[in-house]
Amino acid sequence: MIRNNDNISPYQLAMLVIMSIIGVGVFNIVHVIAKFGGNDGWIIMTAMGIVHIFLAFLFIRLSCRFPGKTFPEYIQEILGVVLGKILVFAISCYILLNLAYEVREFTEVAKMFLLPRTPTEVIIFALILVCAYVVRGGVESVARVVEITFPILFIPFFLVLIPGFPNLDLTNLLPVGSDIGTKFTRMIPHAPHAFRGIEYILFYIGFMKRPQRAYKPVAWGLIFVTGFYTLVSVIGIGAFGAKSATKAIWPLLLYIRNINIPGLFIERLDGVILSIWVITVFTTIITGFFIVTYSISKVINSKEQKQFALPLMMFIYYLALQPAGLAELYEWGDWIFKYVSSIFIYVIPIVALLIAAIRRLGVKKSEDF
Amino acid sequence: MAILTGDTVMLIDGTANIIVIGTKGWPARGISEPTTEAVIRGPKEGFTETYRFNSALVRRRIRDPRLKLKQMQIGRRSFTDIGIMYIEDIAQPELVAEVKRRLSTIDIDAILDSGYIEEFIEDNPYSLFPQIKATERPDKVAAALYQGKVAILVDNTPFGLIVPATFNSFFHAAEDHYIRWIPATVLRMMRFIAGTLSLITPALYIAVTSYHPGILPTELVLSIAAAREGVPFPAVIEALILELTFELLREAGVRLPTLIGGVVGIVGGLVIGQAAVEAGIVSPIMVIIVAVTAISSFSIPDYSFSNAFRLFRFMLIFSAAFLGLYGMILGLLLMLGHLVRLKSFGTPYLSPFVSFTASDLKDTIVRLPMFMMKNRPLGIANDKVRMVNNRHEIKKGANIKEKEKGEDHNDKE
Numbered sequence: 001m002i003r004n005n006d007n008i009s010p011y012q013l014a015m016l017v018i019m020s021i022i023g024v025g026v027f028n029i030v031h032v033i034a035k036f037g038g039n040d041g042w043i044i045m046t047a048m049g050i051v052h053i054f055l056a057f058l059f060i061r062l063s064c065r066f067p068g069k070t071f072p073e074y075i076q077e078i079l080g081v082v083l084g085k086i087l088v089f090a091i092s093c094y095i096l097l098n099l100a101y102e103v104r105e106f107t108e109v110a111k112m113f114l115l116p117r118t119p120t121e122v123i124i125f126a127l128i129l130v131c132a133y134v135v136r137g138g139v140e141s142v143a144r145v146v147e148i149t150f151p152i153l154f155i156p157f158f159l160v161l162i163p164g165f166p167n168l169d170l171t172n173l174l175p176v177g178s179d180i181g182t183k184f185t186r187m188i189p190h191a192p193h194a195f196r197g198i199e200y201i202l203f204y205i206g207f208m209k210r211p212q213r214a215y216k217p218v219a220w221g222l223i224f225v226t227g228f229y230t231l232v233s234v235i236g237i238g239a240f241g242a243k244s245a246t247k248a249i250w251p252l253l254l255y256i257r258n259i260n261i262p263g264l265f266i267e268r269l270d271g272v273i274l275s276i277w278v279i280t281v282f283t284t285i286i287t288g289f290f291i292v293t294y295s296i297s298k299v300i301n302s303k304e305q306k307q308f309a310l311p312l313m314m315f316i317y318y319l320a321l322q323p324a325g326l327a328e329l330y331e332w333g334d335w336i337f338k339y340v341s342s343i344f345i346y347v348i349p350i351v352a353l354l355i356a357a358i359r360r361l362g363v364k365k366s367e368d369f
Numbered sequence: 370m371a372i373l374t375g376d377t378v379m380l381i382d383g384t385a386n387i388i389v390i391g392t393k394g395w396p397a398r399g400i401s402e403p404t405t406e407a408v409i410r411g412p413k414e415g416f417t418e419t420y421r422f423n424s425a426l427v428r429r430r431i432r433d434p435r436l437k438l439k440q441m442q443i444g445r446r447s448f449t450d451i452g453i454m455y456i457e458d459i460a461q462p463e464l465v466a467e468v469k470r471r472l473s474t475i476d477i478d479a480i481l482d483s484g485y486i487e488e489f490i491e492d493n494p495y496s497l498f499p500q501i502k503a504t505e506r507p508d509k510v511a512a513a514l515y516q517g518k519v520a521i522l523v524d525n526t527p528f529g530l531i532v533p534a535t536f537n538s539f540f541h542a543a544e545d546h547y548i549r550w551i552p553a554t555v556l557r558m559m560r561f562i563a564g565t566l567s568l569i570t571p572a573l574y575i576a577v578t579s580y581h582p583g584i585l586p587t588e589l590v591l592s593i594a595a596a597r598e599g600v601p602f603p604a605v606i607e608a609l610i611l612e613l614t615f616e617l618l619r620e621a622g623v624r625l626p627t628l629i630g631g632v633v634g635i636v637g638g639l640v641i642g643q644a645a646v647e648a649g650i651v652s653p654i655m656v657i658i659v660a661v662t663a664i665s666s667f668s669i670p671d672y673s674f675s676n677a678f679r680l681f682r683f684m685l686i687f688s689a690a691f692l693g694l695y696g697m698i699l700g701l702l703l704m705l706g707h708l709v710r711l712k713s714f715g716t717p718y719l720s721p722f723v724s725f726t727a728s729d730l731k732d733t734i735v736r737l738p739m740f741m742m743k744n745r746p747l748g749i750a751n752d753k754v755r756m757v758n759n760r761h762e763i764k765k766g767a768n769i770k771e772k773e774k775g776e777d778h779n780d781k782e
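Each protein sequence line maps, in turn, to chains L and R.
So the first sequence is residues 1 to 369, counted in my numbering.
So the second sequence is residues 370 to 782, counted in my numbering.
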């Protein structure tokens with residue numbers, strides 16, 4: 001009756017997947033896709049999405065070996081307590097860095113389009129303060145916020161995209177599939193840029209009552225994300241062509257700015273979209289931030305994760321203020337996502353799974369879903 | 370002495386004892402129409418101050434021997450009667466036990482209204498949002514009991530309490546279930562829209578005019594600017610002046626006798642509204658904004674719930690003044706972050722919107738036809754099945770055929 005369990009439902013897991021991966025990067029992703037994938041970027045995006053679904057299945061398989069335990073708990077069984085704790089700590093630091101990047105990127109977008117005269121510090125501080133408040137509520141709060149904001153965010157977003165379709169010139173996508181091999185190899189190092197946040201799945205599955213039931217929601221969540229990215233890249237490339245899309249930093253916002261709906265009393269939709277896009281940045285941050293506070297609490301063997309929210313918030317604040325400007329931020333980002341992210345997203349989970357398999361840890365067969 | 374205070378004395382021949390029968394009667398307010406929750410269609414009885422009348426009103430609607438009324442007394446000096454009502458096989462025993470446990474912790478000298486009880490047993494008394502529903506309507510209490518909720522009746526007050534209460538239920542009026550479902554759905558949606566408007570309209574206006582005039586068409590910006598010309602204050606101060614005036618008027622109007630209440634309307638509406646605009650203190654658009662907000666906030670059915678919205682509105686005004694649309698959205702997210710944490714007796718406050726089952730969404734923003742709501746909502750009930758859909762029977766066995774046209778009839782004969 002008193003349902004104060006720290007559990008999440010399969011539906012909530014799907015929402016967590018979607019809302020943690022899709023962040024402020026959406027505006028920039030079109031630029032990246034157009035730069036490295038050219039006019040075939042959307043095909044590559046779809047292909048990468050499918051690969052990531054299988055990657056996520058590996059995460060689930062790993063979690064299924066340790067039902068009822070979360071990643072920071074069972075990694076200590078796999079690698080031993082000391083090494084496990086170091087690893088969890090490293091992941092937390094990486095996610096903190098990631099969040100700081102996210103916050104700062106959003107702040108730069110917001111400064112450009114919404115609040116040109118407000119100091120960066122104020123924008124960042126207000127945002128992460130609200131995030132810290134939600135994270136203090138625990139996994140239930142995070143999952144519920146994500147669950148509720150999903151329709152609030154995406155329904156208006158799609159509604160806004162549709163009226164711009166006449167502006168699209170789909171011939172920009174032609175010729176399909178020429179020289180796709182090189183484009184692919186150029187694009188692959190940037191996969192973590194689009195799909196960062198997928199590693200959060202590893203943590204959240206642990207909060208499910210039956211991790212075996214995670215396959216479906218995770219698959220649906222990632223299909224949505226892939227579909228969304230594909231749609232966005234088709235729009236970006238279709239509207240501007242691969243070359244011009246490369247020139248703009250946020251092609252999608254330009255696309256939205258150019259939409260004019262006759263009879264509507266709102267003239268520039270980008271401001272509106274950007275202000276509801278605060279929500280997605282917010283959800284990306286709370287999903288990651290919760291993981292950090294939770295992991296740290298496991299590293300220090302503390303029962304509660306609440307008290308870590310405010311101190312760690314200061315770290316995000318500090319890190320987010322480090323880059324001097326947008327150019328430095330994106331330089332930073334390139335470095336993080338090319339090298340650091342790949343280790344945490346791909347290498348560590350797979351190695352952990354291998355070690356667990358070799359050492360025969362946990363429940364071996366758990367195919368009863 | 371007993372006779373003089375209204376008791377009956379029974380003397381029986383041959384016995385030495387006298388039986389004193391307590392037959393005191395006292396003037397009680399009769400059952401009248403509920404003032405805060407009036408309906409156009411539906412029962413017009415409301416609770417009254419006499420506890421026994423109230424329990425009888427509910428009992429008349431639930432003639433089930435499993436309807437339980439557990440009575441207790443709270444108040445070291447007042448000994449106020451408190452009744453816990455539930456239907457035994459629908460309400461979960463854990464919920465009933467929890468209500469009893471929380472009630473038994475109350476130790477106070479007097480209980481004068483159910484509001485006392487509410488504050489003592491709420492999950493989070495520091496929240497702006499009420500987590501217990503107070504109602505004057507016996508039919509609402511009965512409907513809640515049929516859903517597996519628990520009602521608390523308190524002597525000397527016409528307000529019963531219903532637990533658990535959810536965000537959603539505060540937007541529902543009793544009438545929603547008595548009128549046909551399509552208008553009921555539309556009205557409900559309007560109420561949700563009104564709730565949103567009453568929260569964000571002033572904040573939105575401030576954010577757009579002072580931070581992002583670019584998102585409006587040029588003509589509208591110009592007309593707003595023209596209207597604001599000569600107003601010496603920034604939009605926030607303007608909004609605060611008018612909002613405060615409105616809240617003052619409302620507060621003054623609530624407690625005044627009806628005869629003088631009308632005068633408040635005239636003073637407020639005509640003198641302050643008109644004169645303030647003409648004096649150039651506020652712009653006419655601001656008056657419209659505040660009026661829209663006011664009307665919207667009146668369409669939230671529950672009084673204490675609309676109070677929460679009132680206060681949040683001011684918070685949003687400040688955050689919009691501080692950070693524009695961005696601040697407004699952050700304010701709303703803060704509110705959401707607070708709401709997802711709230712619980713009312715174990716039920717998430719935002720259910721069924723969070724951790725939902727699709728069948729519970731039938732009676733939320735929309736109100737689907739009765740025959741589609743087969744199960745009791747919210748997942749708090751033990752006995753899930755509420756009804757069997759016999760709708761198809763009506764079509765199948767139609768006894769009354771449409772009358773054929775007169776001419777055809779004659780031809781056949």
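Hints may be right or wrong, so weigh each one.
[To be verified] Simulated DEER-style distance windows between Cβ atoms:
#, chain 1, residue 1, chain 2, residue 2, range
1, R, K731, L, R210, 22 to 32 Å
2, L, A90, R, S673, 48 to 58 Å
3, L, R210, R, R619, 51 to 61 Å
4, R, I562, L, I180, 40 to 50 Å
5, R, L680, L, R360, 54 to 64 Å
Worth flagging that the hints you see were computed from the coordinates, not collected in a lab.
Backbone N, C-alpha and C define an ideal beta-carbon position, used for all residues, glycine too.
To test your reading of the hints: which numbers does this structure violate?
none
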